[in-house]
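Residue numbers (the numbering used here), protein chains in the order written: chain A, -7 to 73; chain B, 270 to 661; chain C, 568 to 1012.
I should point out that these hints are in silico values taken from the structure, not numbers from a laboratory. For glycine and all other residues, C-beta sits at the position ideal for the given N, C-alpha and C. One should not assume that every hint holds.
[Stated by the list, open to error] Selected chain C positions facing chain A (in silico; Cβ < 10 Å):
#1 Asn607
#2 Phe608
#3 Pro701
#4 Leu703
#5 Gly716
#6 Arg720
#7 Thr802
#8 Gly825
#9 Cys933
#10 Asp935
[Claimed, not checked] FRET-style restraints, in silico, Cβ to Cβ:
#11 Gly52(A) x Gly812(C): 45 to 55 Å
#12 Ala456(B) x Ser787(C): 54 to 64 Å
#13 Lys543(B) x Gln573(C): 23 to 33 Å
[Unchecked claim] Non-contacting residues of chain A with respect to chain B, defined by C-beta distances greater than 12 Å in every case (computed):
#14 Gly3
#15 Pro5
#16 Ile53
#17 Gln65
#18 Gly66
#19 Glu72
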Amino acid sequence: MPDQITVTVNGSPVVVPSGATVAVAMVLAGQACRTSVSGEPRGPLCGMGICFECRVAIGGIPHCRSCQVLCEQGMQVTTEN
Amino acid sequence: MSNTAYDVVIVGAGIVGAACADELARRGLHVVVVDGDVVGSGATAAGMGHIVVMDDSDAQFALTRFSQQLWQELRPELSDDVEYEQCGTIWVAADEDEMNEVRRKRDYYGKRGVPTEVVDAEALQRLEPNLRPGMAGGLLVPEDGVLYPPCAARFLIERAQKRGAKLHLGISVARIGRGQVRLTNGAEISAEIIVNAAGAFAAELTPGLEIKKRKGHLVITDRYPGFVRHQLVELGYLKSAHSASGDSVAFNVQPRRTGQVLIGSSRQYGAEHKEVDHSMLVRMLQRAQEYMPGLARLSTVRTWTGFRAATPDKLPLIGPWVANAAENRTGEEVRGTTGDKSIFLATGHEGLGITTSLGTARILADQITGTNPEIPVEPYLPSRTAKEHVHA
Amino acid sequence: MSSEAQRHFDVLVIGGGPAGMAAAARAAECGVRVGIVDDNFRLGGQIWRGESDAARSDHERSNVSQNTEASRWTDRLRASGATALCGLRVVHQPDPGVLLAENLDGFCELTYDKLVLATGARERFLPFPGWTLPNLMGAGGLQAMVKCGLPIRGKRVVVAGTGPLLLAVASYLRQHGAEIPVICEQASWKSLAKFGLTLFSWPQKIIQGFQLKRDLAGVSFAANSWPLAAHGQKTLESVTISRAGKNQNIPCDYLACGFHLVPNIELPLLLGCAVDNGCVQVDDLQTTTVPSVFCAGEPTSVGGVELALIEGQVAGLAAAGHASGARKLFGKRQKARRFARLLDRTFRLRSELRSLSLPDTIVCRCEDVSYSRLRQHRSWRAAKLHTRCGMGPCQGRVCGPATQFLFNWNPDSVRPPVFPARVETLAAVTAQSQLQHSEVTGGRS
Chain A
-7 MPDQITVTVN
3 GSPVVVPSGA
13 TVAVAMVLAG
23 QACRTSVSGE
33 PRGPLCGMGI
43 CFECRVAIGG
53 IPHCRSCQVL
63 CEQGMQVTTE
73 N
Chain B
270 MSNTAYDVVI
280 VGAGIVGAAC
290 ADELARRGLH
300 VVVVDGDVVG
310 SGATAAGMGH
320 IVVMDDSDAQ
330 FALTRFSQQL
340 WQELRPELSD
350 DVEYEQCGTI
360 WVAADEDEMN
370 EVRRKRDYYG
380 KRGVPTEVVD
390 AEALQRLEPN
400 LRPGMAGGLL
410 VPEDGVLYPP
420 CAARFLIERA
430 QKRGAKLHLG
440 ISVARIGRGQ
450 VRLTNGAEIS
460 AEIIVNAAGA
470 FAAELTPGLE
480 IKKRKGHLVI
490 TDRYPGFVRH
500 QLVELGYLKS
510 AHSASGDSVA
520 FNVQPRRTGQ
530 VLIGSSRQYG
540 AEHKEVDHSM
550 LVRMLQRAQE
560 YMPGLARLST
570 VRTWTGFRAA
580 TPDKLPLIGP
590 WVANAAENRT
600 GEEVRGTTGD
610 KSIFLATGHE
620 GLGITTSLGT
630 ARILADQITG
640 TNPEIPVEPY
650 LPSRTAKEHV
660 HA
Chain C
568 MSSEAQRHFD
578 VLVIGGGPAG
588 MAAAARAAEC
598 GVRVGIVDDN
608 FRLGGQIWRG
618 ESDAARSDHE
628 RSNVSQNTEA
638 SRWTDRLRAS
648 GATALCGLRV
658 VHQPDPGVLL
668 AENLDGFCEL
678 TYDKLVLATG
688 ARERFLPFPG
698 WTLPNLMGAG
708 GLQAMVKCGL
718 PIRGKRVVVA
728 GTGPLLLAVA
738 SYLRQHGAEI
748 PVICEQASWK
758 SLAKFGLTLF
768 SWPQKIIQGF
778 QLKRDLAGVS
788 FAANSWPLAA
798 HGQKTLESVT
808 ISRAGKNQNI
818 PCDYLACGFH
828 LVPNIELPLL
838 LGCAVDNGCV
848 QVDDLQTTTV
858 PSVFCAGEPT
868 SVGGVELALI
878 EGQVAGLAAA
888 GHASGARKLF
898 GKRQKARRFA
908 RLLDRTFRLR
918 SELRSLSLPD
928 TIVCRCEDVS
938 YSRLRQHRSW
948 RAAKLHTRCG
958 MGPCQGRVCG
968 PATQFLFNWN
978 PDSVRPPVFP
988 ARVETLAAVT
998 AQSQLQHSEV
1008 TGGRS
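Please put together the full structure from these sequences, using the hints given.
Okay, structure coming up:
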């Protein structure tokens, strides 16, 4: 297994350590996972899949909790904005 | 709570009670509203919030059309959290038979000044790409809309309060009659007129009232903006609302301003508990997926239930309660209510309470103040049931 | 639509943390067919969350005792023959004896004779100005992220809130090279001192205590201290804390902030288990008020790993029909329960934490409902209906405990789905209901 994986976040490549979750990729990319109802940037809070702040679209499927999804080589991650 | 005499006590702070309070206060009456729970917590909280004209009967049309126009007039004043959207309804026809029904509706509405547009299969697909292909078409009713009912009820109550109406929440009503409302904490409120707007619980307060609870289920999804653009209703909805007994489901889907998709609808008689009924949920969601297969992968966030207040002839009860009807029907004298002229009813709205709340308030207030009503009130008078019995 | 997979177990365990692993291992060792379900991609729950390779290779020293415990039970579970179902989340009970569970791709139907609920706990979050900024996470939340590969070496992390988790997290982060300017514990020195003294009754805890002392040497620890506000443009840049009656602003990269733990009782409530003061009621054999349903670990009372392991074993043995084996653990459990009560007393939330919010501080993060809007309502139910607080995808898991503390509101009843679930999952006609339906209607559909 390679030490590092590359995923794309909103079209830009992000290198993450193998075994990292998509939430980690978002933090490394310096991007907010989502924008709240009133326009605030949001990122992971609970780290265990209950707060839903880390939601992103993975492979086109919206509302995935990124803290519970492992990065895979070539994964396409997009945020709703 | 003191024993101050009011002009009107309204039992029930749902959308109907709230609308009545607002209208009566506007006409200068001294009003108090009582509810055992919070504002808009009964059927109001389980309504889809669909402002719709219906043509089930001329009387139903008259009340819904009148009310829809009132909502349009009210719209500019509504607060943001009421989330009023004039998204329109599309009655969806699955086959040619249903397209005939579409044309019949178009003619009916056309004669009565309600703008509609028949859409063919192709146009339907363009308007609502997530409907499964193969539908025959539908009827677009552009003046229909949607809103968020609990906040609409709260808006109306607050407006009534600004005009001097009082509100007492959290204490249930034990008994009403002869100008007195007795609460479960022993307190009493006197008024010349008592309006029973207690919805599914109305019959508990006015024995002999022929109101049955009709349970419904709702499901709401996470945010998927643009997934559905209009309120979509299958033409079979009327068959479901029509049946006087038995459980039924119908495809009924709504876009919320938040981008969430609200999914209904179901009807059950005889279900008393408010727990979600898994078999009904399954039926309702499967019906919905038949019309919109894309719903399958959407994430749902909540399910909940509510009880509609259903009358035998599917029209609400708006006007003075006639106790004689109770005597004849139940076979036992309903003591103390004979000749009780203080009770008025504003209940029995089944699945149209949100829409017709405003129209109900107007014609109820007309009857209370002795004003000429804006639409004929005979079809909704509680005394109609007494007359029916006499002629039976 | 029929379910894509249907599995039956004699004993089904929900939750793959210490309590669940212990229950599953002991039950399987009795020879019955056992399944253990968890929504993470690996077992271990929160406290025994496995580290990714990257995180592990970064490790300079390991927290020996805990890892040994975790590996011991992992090996024991593997050897027991229990079936692990990871990445699966239970969302609904359509019929008695049947659970509907969902994963990323689909769903499955799980049937059981006995059920053990080991659903663990989650952190309690309290709102304060700026708490919604990215890079402000729970204490366990940040630790989970680091375990899942978030680089933390050289980063400044303020740790705040309450509970023993703060020390465990601070120690872990420090071992991975984080700089910890301060640990802010809202409990008083008096409570903590009592806690420290009482720890002498638990030798294991003393060892842990000394290890923590060593790991955290040089880290500033402040009692009677709590966060007042978080600051930053797009992400967290600094935190203002209250310390010894004074405000102090600390620049930082992350804030790890959690106020102890809240039991995950949603599934027990959905199944009809009686709950008292937020904890599932159980008898000596960890049986709930619902027949055939057991509960172990944090949902019965927040008491840490040791209690969870003992309760898990009792529940597992009892569920497998081995009550006599279960009874042997009663003595140990009684002792461990005292620690739970001590935790509760020591880390009670102080009233100052109720006044941290400003009127425009967001309390419900899913729907962005502010403190001032919520303040107008008299109950959780009214607030939900009129502001939509608690109606978002977190289903009140974050804002529920917060509003309970802030406004003394009581929570509502639980309805399906207990976690957001796809329409197709809720619409699944389970084999069980197909059977019942044909019995009732005589085959007519």
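Against chain A, with CB atoms and a cut of 10 Å, does the hint on Asp935(C) hold up?
-> At about 4 Å, which falls below the 10 Å cut-off, the nearest Cβ of chain A leaves the hint on Asp935(C) intact, so it holds.
Chain A contact restraint for Thr802(C) - C-beta distance below 10 Å = holds, 8 Å
Going by Cβ atoms only, is Gly716(C) closer than 10 Å to chain A?
-> Since chain A brings a Cβ to about 3 Å from Gly716(C), closer than 10 Å, the hint holds.
Minimum Cβ-Cβ distance from Gly66(A) to chain B exceeds 12 Å = holds, 22 Å
Minimum Cβ distance from Pro5(A) to chain B greater than 12 Å, as the annotation requires = The claim holds: Pro5(A) sits with its nearest Cβ about 28 Å from chain B, beyond 12 Å.
Let me know if the C-beta of Arg720(C) comes in closer than 10 Å to any C-beta of chain A, holds or violated.
-> With a minimum Cβ separation of about 12 Å from chain A (threshold 10 Å), the hint on Arg720(C) is violated.
Holds or violated: Gly825(C) as interface residue toward chain A, Cβ cutoff 10 Å?
-> holds, 9 Å
Chain A contact restraint for Cys933(C) - C-beta distance below 10 Å = Constraint on Cys933(C) satisfied, holds at 7 Å.
That 23 to 33 Å hint for Lys543(B) and Gln573(C) (C-beta), does it hold up?
-> holds, 30 Å
Let me know if the C-beta of Pro701(C) comes in closer than 10 Å to any C-beta of chain A, holds or violated.
-> It holds, given that the least Cβ distance between Pro701(C) and chain A is near 3 Å, below 10 Å.
Take the C-beta atom of Ala456(B) and the C-beta atom of Ser787(C), compute their distance, and say whether it sits inside 54 to 64 Å.
-> holds, 58 Å
Mind checking the hinted window 45 to 55 Å against the Cβ distance between Gly52(A) and Gly812(C)?
-> Given a distance of about 53 Å, which is inside 45 to 55 Å, the answer is holds.
Checked against the numbered hints above, the structure breaks hints 6, 16, 19 and satisfies the rest.
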